[in-house]
Amino acid sequence: MSNRRRRLVPYFLLGPGILWLILFFAVPMYFMGRLSLDTGTLETGFRFNWQWSNFHDALSLYQTPFLRSFYYAGAATVIALLIGYPLAYAIAFKGGRWKNAMLLAVVAPFFTTYLIRTIAWETILSDHGFVVSTLQSVGIVAAGGRILQTASAVIAGITYNFLPFMVLPVYASLERIDPSMIEAAKDLYASPRTAFWKVTLPLSLPGVVAGTLLTFIPAVGDYINAFFLGSNNNHMIGNVIQGLYLTQRDYPAAAALSFVLMAVIMLAVLGYIRFAGSEALMGEEAVAG
Amino acid sequence: MLKGLRGVALAALILAVSVGIAACGGGGIGGGASEKVATVKVDPKPSGNMTISNWPLYIDKNTVPDFEKATGVSVKYIEDVNDNAEFFGKMQPLLAQGQSGGRSLIVVTDWMANKMHQLGYVQDLDKSAIPNVEKNLVPALQHPTFDPNRDFSVPWQSGMTGLIVREDLAPDVHSICDLFNPKYKGKVEMLTEMRDTVPLVMKCMGVDLSKATEQDWLNAIAKIKSAADSGQIRRFTGNDYARDLTSGDVDAVIGWSGDAVQLQADNPNIKFVMPKEGCMLWSDNMEIPVGAPNPTAAEAWMNYVYDPKNQAQIAAYNNYVTPVAGVKQVFEKTDPATAKNPLIFPSSKFTANCDTAPTLSGQEEQKVTAAFDAVING
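Protein sequence lines, in the order shown, are assigned to chains A and B. Numbering of the first sequence is given in my numbering, commencing with residue 538 and proceeding in unit increments. Numbering of the second sequence is given in my numbering, commencing with residue 94 and proceeding in unit increments.
Read the hints as simulated data drawn from the structure, not as lab findings. Note that the structure is predicted; figures quoted are calculated from it, not measured. Some hints could be false.
With beta-carbon atoms standing in for the labels, derived distance ranges [said to hold, decoys possible]:
(1) B/298 to A/581: 51 to 61 Å
(2) A/647 to B/276: 21 to 31 Å
(3) A/733 to B/319: 45 to 55 Å
(4) A/809 to B/319: 36 to 46 Å
(5) B/276 to A/630: 48 to 58 Å
(6) A/558 to B/457: 53 to 63 Å
(7) B/191 to A/581: 31 to 41 Å
(8) B/239 to A/585: 27 to 37 Å
(9) A/668 to B/457: 23 to 33 Å
(10) B/231 to A/590: 21 to 31 Å
(11) A/600 to B/154: 20 to 30 Å
(12) A/597 to B/190: 50 to 60 Å
(13) B/333 to A/801: 47 to 57 Å
The following residues of chain B were derived to be distant from chain A, with all beta-carbon distances above 12 Å [claimed, not checked]:
(14) 227
(15) 300
(16) 306
(17) 357
(18) 435
Looking from chain B toward chain A, a few residues come up when the C-beta cut is under 7 Å (computed) [stated by the list, open to error]:
(19) 178
(20) 321
(21) 327
(22) 329
(23) 331
(24) 340
(25) 453
(26) 455
(27) 457
(28) 458
(29) 470
Ideal placement from N, C-alpha and C gives every residue a C-beta, glycine not left out.
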């Protein structure tokens, strides 16, 4: 009896989580999947009809914004990593007593809502604003050129908005590195550069993998940045789905696109984890244990 | 003990799933076009509570409290309509089940008012309770094509869609066609509201709107698309063109007359320009949705705001075109400058070339909307 009970305990502990997943993931998924195979219009009513062509139609019509989303999100993730890694490194190893203050500074913008932060960029990047006129005088932006309502503005906005998602996990894994490991490398005559490439970077990979996933996944579906900082030529798949759902009220097409988006992200993430190695995501302890 | 626990967990799971299924599956989506439109039942004396859904910045601070004092009705006034299509997208699942989400009265633009009526989502009005509307509605708005006898819709405010221009930056923009001039590349914007933008471009192309075909709509959309692809049009906006005009990021936009009056008050360089081709005329209409609680109070509200004195208070605030006759006379006494403003009291000469948006049949609408949405969503 007690043996059996012990075997069942994990399932009970999983219970709330599973219930949550069923209620807020599996059930909505089922209805979304069903909806994506409907035909009809709002006026005539939608009917379930195994309409697989919804997927093909939606994809062929909105191929460009679909690919664009992956391009923007990918670019933003890479830039966030290039900015975020040195930042996290500096906080973790050189922060000293300012460590907490610096972490707070990374998170502080999050105390304001996402929307307000994005709209603030409209003012910062305004055609006659300080940033654009400076860049124009340096020659990076053509005279009479602009940043707002271009791809650069959208990618910059996404990078800015998701930067903390990159910095925090990278910081957490850098922070956990035992400094004696790096000392040991140096004792074995590794130059600081070799010590970084052979010891620090591999040990911080779990943070890098977590950070890139946390940045990339929400960035692909983002539509706020494209809406405020982009023009219609910079719209992402999120904008398309919103338009399909709220303006055109083509619910089946919107559901089909959402499904494809989810599937593609899932495949990309699985491939990425496989490539990076699962210990990179979980941390060595988890795999060893 | 163990068995009991497991039982409870299983029961909770089954309950949760079935609640989920019931919540999502009930009623289905769409349909309802064949339902018969009912006429509201009005009690002799208004009382109780009522919720009104309207667009933001469309009413002054005093009208609601004054109405409450005059009638004893307690009003919850919410500004949750930002876009016809989006508001409809939000309301539709409720309306399809005969509910209004507690709203007694909603305000939507002509074409949406028509669409909701066709779908059986609004009720006919009891005209005996709104004598002020019968008496004071301006003649030009008494017989719109979508509701020739004003059976289910009463205008809240009207307005014009035309050009709003920074005169210091673009002194020679006088027509919609000027927006396509390469001189203003990246410095012009158009509205995401399809029924404003596309008909104005059709006018630029010389189309007679009363005879516009589906192909005319699609041709205009193609013209807009090529301008958007080439970067001529900076972006498509709602009211947010106000920011871009103020900052000088754009020179000229397609915009709404009431906004122009408000923007001009802050920056005298911003002007409403009546396009050479004419403008679009529209009204936002009060409607009583199906399942609306307390229609008596809703009709009392309609009647109240159609008293010229009460209407003047609203019109003085929002700067749109009032649908109530007699308001100009009130302003002539209290605020002669407003009484002379052609954007608030346009003469028939001023709006001579203006049209209301042509209606689209269901099939046409779907095709045209999809084409336009493909443009504004790149």
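Going down the list of hints, with the structure as the test:
Judged by the Cβ atoms, the range 51 to 61 Å given for residue 298 of chain B and residue 581 of chain A is violated: they are separated by roughly 32 Å. Residue 647 of chain A and residue 276 of chain B have their C-beta atoms about 43 Å apart, which leaves the hinted 21 to 31 Å range violated. Separation of residue 733 of chain A from residue 319 of chain B is about 52 Å and conforms to the stated range, judged on CB atoms against 45 to 55 Å. For the pair residue 809 of chain A and residue 319 of chain B, the beta carbons lie near 39 Å from each other, so the given range of 36 to 46 Å is met.
Under the hint 48 to 58 Å, the C-beta atoms of residue 276 of chain B and residue 630 of chain A, about 55 Å apart, fit the expected range. A hinted range of 53 to 63 Å is violated for the C-beta pair residue 558 of chain A and residue 457 of chain B, which are about 44 Å apart. Distance hint for residue 191 of chain B and residue 581 of chain A: a CB-CB separation of about 19 Å, inconsistent with the stated range 31 to 41 Å. In this structure the supplied range 27 to 37 Å holds for residue 239 of chain B paired with residue 585 of chain A, their Cβ-Cβ distance being about 33 Å.
Judged by the Cβ atoms, the range 23 to 33 Å given for residue 668 of chain A and residue 457 of chain B is violated: they are separated by roughly 45 Å. Checking the proposed 21 to 31 Å range against residue 231 of chain B and residue 590 of chain A shows it is violated: the Cβ atoms sit about 50 Å from each other. Taking the beta carbon of each, residue 600 of chain A and residue 154 of chain B are about 50 Å apart, not inside 20 to 30 Å as hinted. At about 35 Å, the beta-carbon gap between residue 597 of chain A and residue 190 of chain B misses the expected band of 50 to 60 Å.
In this structure, residue 333 of chain B and residue 801 of chain A break the distance hint of 47 to 57 Å, their C-beta atoms being roughly 31 Å apart. With a cut of 12 Å on Cβ distances, residue 227 of chain B stays outside the contact zone with chain A, its closest approach being about 32 Å. No Cβ of chain A approaches the Cβ of residue 300 of chain B within 12 Å, the least distance being about 23 Å, so the stated non-interface status holds. Interface exclusion of residue 306 of chain B from chain A stands, the closest Cβ pair being 21 Å apart, more than 12 Å.
Every CB of chain A lies more than 12 Å from the CB of residue 357 of chain B, the least distance being 20 Å, so the non-interface label holds. Non-interface call for residue 435 of chain B relative to chain A: holds, since the shortest CB-CB distance, roughly 31 Å, exceeds 12 Å. Taking 7 Å as the C-beta cut-off, the interface hint given for residue 178 of chain B holds, the closest approach to chain A being about 4 Å. For residue 321 of chain B, the interface hint holds, the least distance from its beta-carbon to any beta-carbon of chain A being 5 Å, beneath 7 Å.
The beta carbon of residue 327 of chain B is positioned within 7 Å of a beta carbon in chain A (closest approach about 5 Å), and the interface hint is therefore held. Given the 7 Å rule on beta carbons, the hint for residue 329 of chain B holds: about 6 Å separates it from the nearest Cβ of chain A. The criterion of a C-beta within 7 Å of any C-beta in chain A is not met by residue 331 of chain B, whose closest approach is roughly 11 Å, and the hint is violated. Checking residue 340 of chain B against chain A: minimum C-beta separation of about 5 Å stays under 7 Å; hint holds.
Among the interface hints, the one on residue 453 of chain B is violated; its C-beta lies about 12 Å from the nearest C-beta in chain A, farther than the 7 Å criterion. The interface hint given for residue 455 of chain B holds, since its Cβ lies 5 Å from the closest Cβ of chain A, which is under the 7 Å cut-off. Checking residue 457 of chain B against chain A by beta carbon gives a least distance of about 12 Å; that is not within 7 Å, so the hint is violated. Evaluation of the residue 458 of chain B hint against chain A yields a violated restraint, the C-beta minimum of about 9 Å exceeding 7 Å.
The beta carbon of residue 470 of chain B comes within 5 Å of a beta carbon in chain A, closer than 7 Å, and the hint placing it at the interface holds.
The earlier numbered hints that this structure contradicts are 1, 2, 6, 7, 9, 10, 11, 12, 13, 23, 25, 27 and 28.
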